[in-house]
Amino acid sequence: MKIDRRSFLSLGIGVAAGTAFSPLPWKLMDDVSIWTQNWPWTPVPAKGESTYVNSVCTLCPGSCGISVRKVDDRGVKIEGMKGHPVNQGGICALGLAGLQLLYSPDRIKTPLKRSGKRGEGKWVSISWDQAISEVAGKLKELRTGGQAHTVAGITGGGPNTLSRLFKRFLAAYGSPNFFNTPSIDNSYRLALQMMNGATPDATVGLDLENTDFILSFGCGLLDGWGSPVHMFKTNTAWRKTQARVIQIEPRLSRTAAKAYQWIPITPGSEGALALGIANVLITESLYRKDFVDNYTSGFEGVVNASGELQKGFKQHVLDNFSPKAVSEITGLDPAAITLLAREFAKAKAPIALFGRGQGKLPGSMDEALSIHALNMLMGAINQKGGIYALPTPDCQAWPAVPPDAVADSGVKEPRLDGAPSDVYSRLNQLPPAVLSGKPYPLNVLLVMEANPLYTMSNSKSVQEAFNKIPLVVSFSSFMDETAQNSDLILPNHIYLERQEDAPLPAGFSKPVISLSKAVFKPLHNTRHAGDTLILLAKGLGGSVAEALPWKDFEACLKQAMGDKMESLQKTGYWINTGAVFPDGKTTFTTPSGKFEFASSAFCPGFTPVKIEGDASYPLLMIPYDTMRLASGYTANPPFDTKILEETILLHQDGLIEINPKTAQSMGLSENDRVLLQTPRGQANVLIHLEEGIMPGVIALPRGLGHTAYDAYIAGKGVNLNGLTGPIADPLSGLDAAWGIKAKLSKA
Amino acid sequence: MSNSDDRTQTVSGKAAEASSTNKPDGSSRGIIVLCFCIGLVVSLVFGWVVFPRLLYSRKQQPIDFNHSLHAGLVSNGCESCHFLRDDGTYSGTPKLAQCIDCHQDVQGNSPEEAKFVEQYVKKGIEVPWLVYARQPDCVFFSHAAHVKAAKMDCVTCHGNIGDSEHLKVYEQNRISGYSRDVEGASLIGFKKHTWDRMKMDDCSECHQKQKAVMGSVQTQKEGCFVCHK
Ligand code: SF4
Chain A
1 MKIDRRSFLS
11 LGIGVAAGTA
21 FSPLPWKLMD
31 DVSIWTQNWP
41 WTPVPAKGES
51 TYVNSVCTLC
61 PGSCGISVRK
71 VDDRGVKIEG
81 MKGHPVNQGG
91 ICALGLAGLQ
101 LLYSPDRIKT
111 PLKRSGKRGE
121 GKWVSISWDQ
131 AISEVAGKLK
141 ELRTGGQAHT
151 VAGITGGGPN
161 TLSRLFKRFL
171 AAYGSPNFFN
181 TPSIDNSYRL
191 ALQMMNGATP
201 DATVGLDLEN
211 TDFILSFGCG
221 LLDGWGSPVH
231 MFKTNTAWRK
241 TQARVIQIEP
251 RLSRTAAKAY
261 QWIPITPGSE
271 GALALGIANV
281 LITESLYRKD
291 FVDNYTSGFE
301 GVVNASGELQ
311 KGFKQHVLDN
321 FSPKAVSEIT
331 GLDPAAITLL
341 AREFAKAKAP
351 IALFGRGQGK
361 LPGSMDEALS
371 IHALNMLMGA
381 INQKGGIYAL
391 PTPDCQAWPA
401 VPPDAVADSG
411 VKEPRLDGAP
421 SDVYSRLNQL
431 PPAVLSGKPY
441 PLNVLLVMEA
451 NPLYTMSNSK
461 SVQEAFNKIP
471 LVVSFSSFMD
481 ETAQNSDLIL
491 PNHIYLERQE
501 DAPLPAGFSK
511 PVISLSKAVF
521 KPLHNTRHAG
531 DTLILLAKGL
541 GGSVAEALPW
551 KDFEACLKQA
561 MGDKMESLQK
571 TGYWINTGAV
581 FPDGKTTFTT
591 PSGKFEFASS
601 AFCPGFTPVK
611 IEGDASYPLL
621 MIPYDTMRLA
631 SGYTANPPFD
641 TKILEETILL
651 HQDGLIEINP
661 KTAQSMGLSE
671 NDRVLLQTPR
681 GQANVLIHLE
691 EGIMPGVIAL
701 PRGLGHTAYD
711 AYIAGKGVNL
721 NGLTGPIADP
731 LSGLDAAWGI
741 KAKLSKA
Chain B
1 MSNSDDRTQT
11 VSGKAAEASS
21 TNKPDGSSRG
31 IIVLCFCIGL
41 VVSLVFGWVV
51 FPRLLYSRKQ
61 QPIDFNHSLH
71 AGLVSNGCES
81 CHFLRDDGTY
91 SGTPKLAQCI
101 DCHQDVQGNS
111 PEEAKFVEQY
121 VKKGIEVPWL
131 VYARQPDCVF
141 FSHAAHVKAA
151 KMDCVTCHGN
161 IGDSEHLKVY
171 EQNRISGYSR
181 DVEGASLIGF
191 KKHTWDRMKM
201 DDCSECHQKQ
211 KAVMGSVQTQ
221 KEGCFVCHK
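One line per chain: the protein sequences are A and B, in this order. The letter at position 261 of the first sequence is residue 261 when you use this note's numbering, and the numbering goes up by one with no holes. The letter at position 15 of the second sequence is residue 15 when you use this note's numbering, and the numbering goes up by one with no holes.
Quick caveat, the hints were computed from the structure, so don't treat them as lab data. All C-beta atoms in this analysis are idealised placements derived from N, C-alpha and C, irrespective of residue type, glycine included. Please note: incorrect hints may appear among the correct ones.
Said to hold, decoys possible - Footprint (simulated), chain A over chain B, 3 or more residues, beta carbon under 8 Å:
1) 55-64
2) 174-185
Said to hold, decoys possible - If we take Cβ atoms under 7 Å as the criterion, some of the chain B residues that face chain A in the derived model are:
3) F36
4) W48
5) F51
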């Protein structure tokens with residue numbers, strides 16, 4: 001008996017037949033298909049009973065109330081908090097993705113000390129004791145050597161207890177160099193201060209729910225301006241009341257697309273258009289004469305410092321801003337300007353708003369004053385549907401900083417940015433001062449809840465300035481660009497792990513404070529930055545320790561919130577329901593005792609911001625903001641990057657918007673790779689043809705082009721800030737830039 | 001025969017010889033048939049007997065829970081322990097917190113209870129129960145819709161587990177990761193009771209029979225996304 005090939009074949013056929021008549025192949029097929037629908041590595045929510053913890057989102061200046069759904073200790077979802085006065089249950093894409101920040105594998109898990117060259121990414125873990133003693137040791141050494149003023153602190157957080165504590169720490173230590181990150185909020189405050197006599201700590205209140213005509217000079221009302229979710233809710237309300245949004249900007253943003261009317265004008269000419277509208281209002285006597293006559297000064301004339309009567313706002317506008325003159329600046333038809341002014345005047349409660357996009361940059365003060373003058377002409381000050389100064393809810397005063405010779409002489413030194421006080425810190429002036437070493441070199445920089453290396457324009461010089469600072473300490477919970485270029489990282493808890501008060505939501509109508517709670521126990525060996533500051537003060541001892549006498553930040557917060565703490569802990573927020581805003585009262589502290597159109601110190605005019613770039617750059621590049629891209633201290637979480645359109649990010653490449661006509665004249669078509677050059681830098685981008693952008697203008701989004709954080713965001717697109725630079729505003733010293741000249745060439 | 005390959009390659013003139021060697025004789029035909037049968041039988045045995053054993057791993061529950069004993073002690077039937085939460089979600093297997101109400105200390109003389117109190121209650125550790133009826137994560141199933149709205153009883157889907165004195169072995173599919181109770185004991189889909197299997201076909205069988213609304217509660221429309229969210 002021989003076993004040959006045929007026997008093998010027949011064995012095989014037998015096996016095949018037997019298998020076919022057994023459940024094996026069919027069951028396997030079914031199981032494998034079920035397996036593919038349930039990849040074991042795909043994370044699924046934990047099973048169990050859901051519990052909710054109310055807190056507040058501080059990922060942007062919106063301060064929305066949130067409800068965090070948890071199953072046991074695991075966070076499952078963040079939802080908008082129902083009944084919260086700011087967002088009424090709504091939430092944005094960034095707020096929704098907050099859990100990805102919490103559970104990010106790339107968080108900084110313990111204090112770190114640089115072991116390689118700066119920026120090289122080599123770190124050693126150190127204990128908290130060592131971290132505190134190293135920083136305190138260095139600070140002590142400088143203080144003893146009379147160099148306390150050469151320490152600076154930057155915070156990106158809004159005005160809340162933590163930043164007040166940070167400022168107090170620096171003051172007690174002896175440094176005048178406390179910096180917050182300026183935004184459009186600063187321009188609003190300053191405009192209210194100059195024209196309406198608001199106190200410097202008052203924020204802008206906007207009674208937007210009651211307006212019926214919104215003249216928006218480029219404000220991304222639906223693109224993340226003010227308190228974003230609140231703005232969405234307000235927009236829904238506007239639909240019902242048939243309020244009209246007139247969007248004036250060179251690009252068809254989401255806001256423009258959903259507005260009643262979109263008016264594209266020459267970029268940077270917004271201030272001129274406002275004055276052109278003012279001209280029509282005055283010429284045709286459409287303004288609120290009773291209000292202007294009774295409550296304002298500087299309209300008819302201004303008495304200057306030497307006692308002479310000068311032209312007032314009215315004459316100034318009549319002389320220089322006729323619709324025809326304005327038409328030449330803005331590119332708008334004179335008849336369109338007149339029509340717009342008449343519509344504005346016809347409305348019951350019109351309001352004019354400024355702040356381009358999300359209002360990330362303070363912008364030109366002249367422009368702010370010119371636009372705000374429209375509110376004054378229509379009497380929209382301190383009235384229903386108007387604009388007013390919201391007093392900062394009073395916090396329980398902390399005991400005064402104990403007097404100390406070193407601190408006293410330190411804080412008397414000039415600030416590095418040349419600003420008179422920290423109320424309007426000119427962060428954009430810090431890098432040049434550091435680079436020049438004047439008025440004095442900066443020895444230590446403490447960075448809290450901010451990422452200046454990414455968010456400040458002219459990244460190259462910011463990086464050079466950083467290279468000159470001997471010690472950079474970051475409090476970041478993420479390996480952001482700044483943390484990566486620091487020497488020591490003392491990681492803070494993230495917003496879901498720490499208790500603190502949220503700043504007033506931007507552009508809201510009422511003073512409201514929300515309490516951010518420790519929804520989760522800290523996942524890593526991080527520490528509340530407030531506690532770190534208190535420990536640093538203790539390490540420094542003496543008067544600094546006395547100035548921060550609290551056991552921990554919680555005690556400090558309790559003292560600051562006083563009797564509000566109870567309501568904060570119970571409902572998650574405190575709102576001043578007793579007071580009515582706007583209260584219609586006319587309380588001014590301007591020199592004239594009235595709202596001022598103009599004074600000896602200022603008169604709203606139109607001084608175009610000198611955009612950088614010569615004739616070799618034929619295009620104008622403007623930034624744009626979208627709700628799908630976080631561009632501040634928080635980088636875009638993976639979920640949000642996933643929902644970016646392919647017109648913003650295609651694989652790893654960022655896209656630049658250009659009008660098809662402009663593109664055609666340059667021989668460019670969709671998705672062509674081009675080299676984008678500006679006087680500040682260059683980058684490779686892809687072309688995106690967009691009818692909705694004015695010819696000659698190109699637009700790049702904010703929020704891409706990270707070099708740090710994690711693999712989900714780093715190396716995607718281009719950082720706009722590497723291509724732009726700041727332009728100091730003559731009135732405020734803040735960054736007035738709105739764009740930069742640019743050119744494109746085929747790459 | 002063994003060198004037939006060489007022949008077919010080299011022989012062309014000796015066709016007769018070649019063909020005679022290529023044709024199986026009687027004994028080799030028998031071998032071929034035998035081989036076929038062996039292959040058939042082996043693979044059938046493998047497919048029907050060995051494969052199912054390989055496919056499922058067999059796991060013992062951490063504690064041998066006595067349903068029948070407990071059912072006699074509680075007042076509200078199954079729902080005493082397996083209840084719907086206030087928000088309509090289903091609580092599933094009880095958590096330690098529920099058991100502790102009675103089992104702070106050992107109550108009776110069952111060694112399983114002693115083990116439970118010793119290893120879990122005293123240490124505050126949740127019992128890692130293996131859930132026989134756990135549907136894949138791609139399935140959305142609402143107990144409230146079935147038990148409350150359609151007034152179905154537990155037995156229809158879960159069988160008489162409430163009367164059992166011991167917990168059976170938990171068989172887990174090594175590929176899909178799911179319980180054999182969901183997939184059905186019979187690999188060819190044979191079933192006698194409604195609770196023998198809990199796959200999609202079984203859902204639709206009942207839905208069709210009952211002419212139940214298969215649509216989403218919100219939209220009243222049918223579609224994949226009613227159950228596969
Ligand atoms: S709008 Fe801002 S505060 Fe509100 S949820 Fe979004 S990120 Fe958070």
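Hint check results:
| no. | hint | result |
| --- | --- | --- |
| 1 | 55-64 | violated (count 1) |
| 2 | 174-185 | holds (count 4) |
| 3 | F36 | holds, 4 Å |
| 4 | W48 | holds, 5 Å |
| 5 | F51 | holds, 5 Å |
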